[in-house]
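One line per chain: the protein sequences are C and V, in this order.
In case it helps, the working numbering puts the first sequence at residues 1 to 205.
In case it helps, the working numbering puts the second sequence at residues 1001 to 1248.
Simulated from the structure, these hints should not be mistaken for laboratory data.
Think of the CB as a built atom: it goes at the ideal place given N, C-alpha and C, for glycine as much as any other residue.
One or more of the hints may lead you astray.
As the list claims (entries may be wrong) - Sample of chain C residues with no beta-carbon within 12 Å of chain V, all distances over it, derived:
1) S7
2) D32
3) P40
4) L56
5) K77
6) T84
7) E178
8) H191
Stated by the list, open to error - List time: in silico SDA-like cross-link candidates among lysine to any residue, alpha-carbon distance up to 25 Å:
9) C:K198 <-> V:P1114
10) C:K13 <-> V:R1065
11) C:K198 <-> V:R1233
12) C:K88 <-> V:E1080
13) V:K1023 <-> C:P149
14) V:K1023 <-> C:K59
15) C:K198 <-> V:K1023
16) V:K1172 <-> V:E1096
17) C:K198 <-> V:P1020
18) C:K198 <-> C:T87
19) C:K13 <-> V:E1077
20) V:K1023 <-> V:G1004
21) V:K1023 <-> C:Q19
22) V:K1013 <-> C:K74
23) C:K88 <-> C:R8
24) C:K59 <-> C:P149
25) C:K13 <-> V:K1172
26) V:K1023 <-> C:K88
27) C:K74 <-> C:P149
28) C:K88 <-> V:Q1052
29) C:K88 <-> V:K1013
30) V:K1023 <-> C:M177
31) C:K13 <-> V:Q1008
32) V:K1172 <-> C:G39
33) C:K198 <-> V:G1050
34) C:K13 <-> V:R1233
Read off the chains here:
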Amino acid sequence: MAGQVFSRGFFGKRRTPEQGQRTPPGQYITPDFPVLSVGPTPRIPLGEWNFYIKGLNQKPVQWSWDDFIQLPAKSFKVDIHCVTKWTKLDTEWEGVSVDTLLSKVGLDSRASYVTVFSYGDYTTNLPLADLMNDQAFIAYRYGGQPLAPEHGGPARLVVPHLYLWKSAKWVNGFQMMEHDISGFWESLGYHNYGDPWKEQRYQGD
Amino acid sequence: MQRGIEWQAAILKAIRLETPRVKTFTFTLPDWTPHRAGQHYDIRLTAPDGYQAQRSYSVASEPERVGEIDLTVELVEDGEVSTFLHEGLVVGDLIEMRGPIGGYFVWEAAQSEPLLLVGGGSGVVPLMAMLRHRAAAGSNVPTRLLYSVRAPMEVIYAAELDELVRASPDLKVLLTFTRAKPQGWEGYARRIDQAMLGEVMAPLSSTPRAYICGPTLLVESVATLLLQSGLPRELIRTERFGPSGGPA
């Protein structure tokens, strides 16, 4: 559009320089942890929970809850950014790096994209490269407590460098693929990749 | 790749006070496209130093109203954007916005199932867009709005809801007051529970499609109760307004 529209009398909330540097464009910092999801919260008994990786790997692998929590765990302190405009700084999680999971499955060299499946039928897609090199983890504890169902428990994917709809709650598994297939929000007008620093909120951004 | 959703400079046409803390803003859009009831727009404010803030607001008006939209905005305590909208805007001002956005929490009059709308506080806004769309499109689908508010003065759209009910025998609006009720009130005066949902849904001839919008606790509770009462998960759609997660 032609010309910048300034909002007369609008100054906004002042942030510290450090907060400003850590807040992507169009985002605001909240101390809360808002809950956003499109349907009822799934409640998965731990005895029925599992996590799988299938598709383009040499052997499909599935972990039960008991197996999964035996995997080497790490702590992660990350900033998270939701496309609905809120950013939360210094969130503290515990879980398993996706690298640890991938090391168990013998990846096929054609695997380039991943569709993430959740309990409750949610899906999201992202390049495999964005799940590697300690950029992503499956979290099952938040703030020192078991992850609450409304925040995605028993376990959710966390990919802090992308908008939070990529960090699928109630995660159930990965499908490794050669080609990219749009997930739930990606099919409903949201950006396919979702980099908050480039403000990739919607298709065409 | 579809065309991007472009920012446009909307003109504020009118401001209406709905409740002491809620105003409806009517904007004229130079590049209007029909929305689907339940969708939202993003608003962007720019300060003199270039600092920008954005928020999402549900459209309250029906898509049949060509060229303009209503956004109903609750004044949030210490809210960066809502405070400016409530206190800084005058008719004729330009505001940057883009939309419509969101393709899941939407209802179209062509859908034939009965409709169960459950709203809490300003969560009624996207549900009102659905009711207005239903009326404008001449839909007769049996419809219930169960609307939870804390106190009588917080009922948004009270007069228009009465008119919609008078105009459509298939529409009923049921209020529940959770903190203070009107004098002589004989209706619901408690948080939404299983019994209340059962009574509201009982007259519907078949399984409804449910849309729930409001504070997280209300949405979590109602969605769970509806699942427990046998409504299939795929017929329950939710939209949650934070503690600060929704429009601020």
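Hint by hint, here is what the structure shows:
Residue-level check failed: S7 of chain C sits 4 Å from the nearest beta carbon of chain V, not beyond 12 Å. With a closest Cβ-Cβ approach of about 4 Å to chain V, D32 of chain C is found to fall inside the 12 Å limit, against its non-interface label. Non-interface call for P40 of chain C relative to chain V: violated, since the shortest CB-CB distance, roughly 4 Å, does not exceed 12 Å. Distance check for L56 of chain C against chain V: the nearest CB is about 26 Å away, which clears 12 Å, and the non-interface claim stands.
For K77 of chain C, the requirement that its beta carbon stay farther than 12 Å from each beta carbon of chain V is met, with the minimum near 22 Å. For T84 of chain C, the requirement that its beta carbon stay farther than 12 Å from each beta carbon of chain V is not met, with the minimum near 6 Å. For E178 of chain C, the shortest C-beta to C-beta distance to chain V comes to about 21 Å, beyond the 12 Å cut-off, and the non-interface label holds. Against chain V, the non-interface label of H191 of chain C is violated: not every CB pair exceeds 12 Å, the least being about 10 Å.
Under the criterion of a C-alpha separation no larger than 25 Å, the hint pairing K198 of chain C with P1114 of chain V is inconsistent with the structure, at around 42 Å. A C-alpha spacing of about 35 Å is found between K13 of chain C and R1065 of chain V, which places the hinted pair above 25 Å, so the restraint is violated. With a C-alpha separation of about 35 Å, the suggested pairing of K198 of chain C with R1233 of chain V is violated against the 25 Å cut-off. Restraint check for K88 of chain C and E1080 of chain V: the C-alpha separation of about 16 Å stays at or below 25 Å, so the hint holds.
At roughly 34 Å between alpha-carbon atoms, K1023 of chain V and P149 of chain C are farther apart than 25 Å, so this suggested pair is violated. Restraint check for K1023 of chain V and K59 of chain C: not satisfied, since their Cα atoms lie roughly 58 Å apart, outside the 25 Å limit. At most 25 Å may separate the alpha-carbon atoms for a hinted pair to count; K198 of chain C and K1023 of chain V exceed this at roughly 33 Å. Straight-line distance between C-alpha atoms of K1172 of chain V and E1096 of chain V comes to about 37 Å, which puts the hinted pair past the 25 Å bound.
Between the alpha carbons of K198 of chain C and P1020 of chain V the distance comes to roughly 38 Å, so the proposed pair goes past 25 Å and is violated. Straight-line distance between C-alpha atoms of K198 of chain C and T87 of chain C comes to about 15 Å, which keeps the hinted pair within the 25 Å bound. Distance hint between K13 of chain C and E1077 of chain V is fulfilled; the C-alpha atoms sit about 13 Å from each other, no more than 25 Å. Only pairs whose Cα atoms come within 25 Å are accepted, and K1023 of chain V paired with G1004 of chain V is rejected, the gap being roughly 30 Å.
Between K1023 of chain V and Q19 of chain C the CA atoms are separated by roughly 31 Å; this puts the pair beyond 25 Å, and the hint is violated. Between the alpha carbons of K1013 of chain V and K74 of chain C the distance comes to roughly 54 Å, so the proposed pair goes past 25 Å and is violated. Among the hinted pairs, K88 of chain C with R8 of chain C is inconsistent with the structure: their alpha-carbon atoms are about 28 Å apart, more than 25 Å. A threshold of 25 Å between alpha carbons decides the hint, and for K59 of chain C with P149 of chain C the separation of about 30 Å lies outside it, so the pair is violated.
A hinted pair counts as satisfied when its Cα atoms are at most 25 Å apart, and K13 of chain C with K1172 of chain V does not qualify at roughly 42 Å. At roughly 28 Å between alpha-carbon atoms, K1023 of chain V and K88 of chain C are farther apart than 25 Å, so this suggested pair is violated. Simply put, K74 of chain C and P149 of chain C have alpha-carbon atoms about 21 Å apart, close enough for the 25 Å limit, and the pair holds. With a C-alpha separation of about 18 Å, the suggested pair K88 of chain C and Q1052 of chain V falls inside the 25 Å cut-off, and the hint holds.
About 35 Å separates the Cα atoms of K88 of chain C and K1013 of chain V, which puts this hinted pair outside 25 Å; it is violated. Pair hint K1023 of chain V plus M177 of chain C does not hold up; C-alpha atoms about 49 Å apart against a cutoff of 25 Å. Restraint check: the Cα-Cα separation between K13 of chain C and Q1008 of chain V comes to about 24 Å, which is no more than 25 Å; the hinted pair holds. For a cut-off of 25 Å, the pair hint linking K1172 of chain V to G39 of chain C stands: about 24 Å separates their Cα positions.
A hinted pair counts as satisfied when its Cα atoms are at most 25 Å apart, and K198 of chain C with G1050 of chain V qualifies at roughly 17 Å. At roughly 40 Å between alpha-carbon atoms, K13 of chain C and R1233 of chain V are farther apart than 25 Å, so this suggested pair is violated.
In this structure, the earlier hints numbered 1, 2, 3, 6, 8, 9, 10, 11, 13, 14, 15, 16, 17, 20, 21, 22, 23, 24, 25, 26, 29, 30 and 34 are contradicted, and the remaining ones agree with it.
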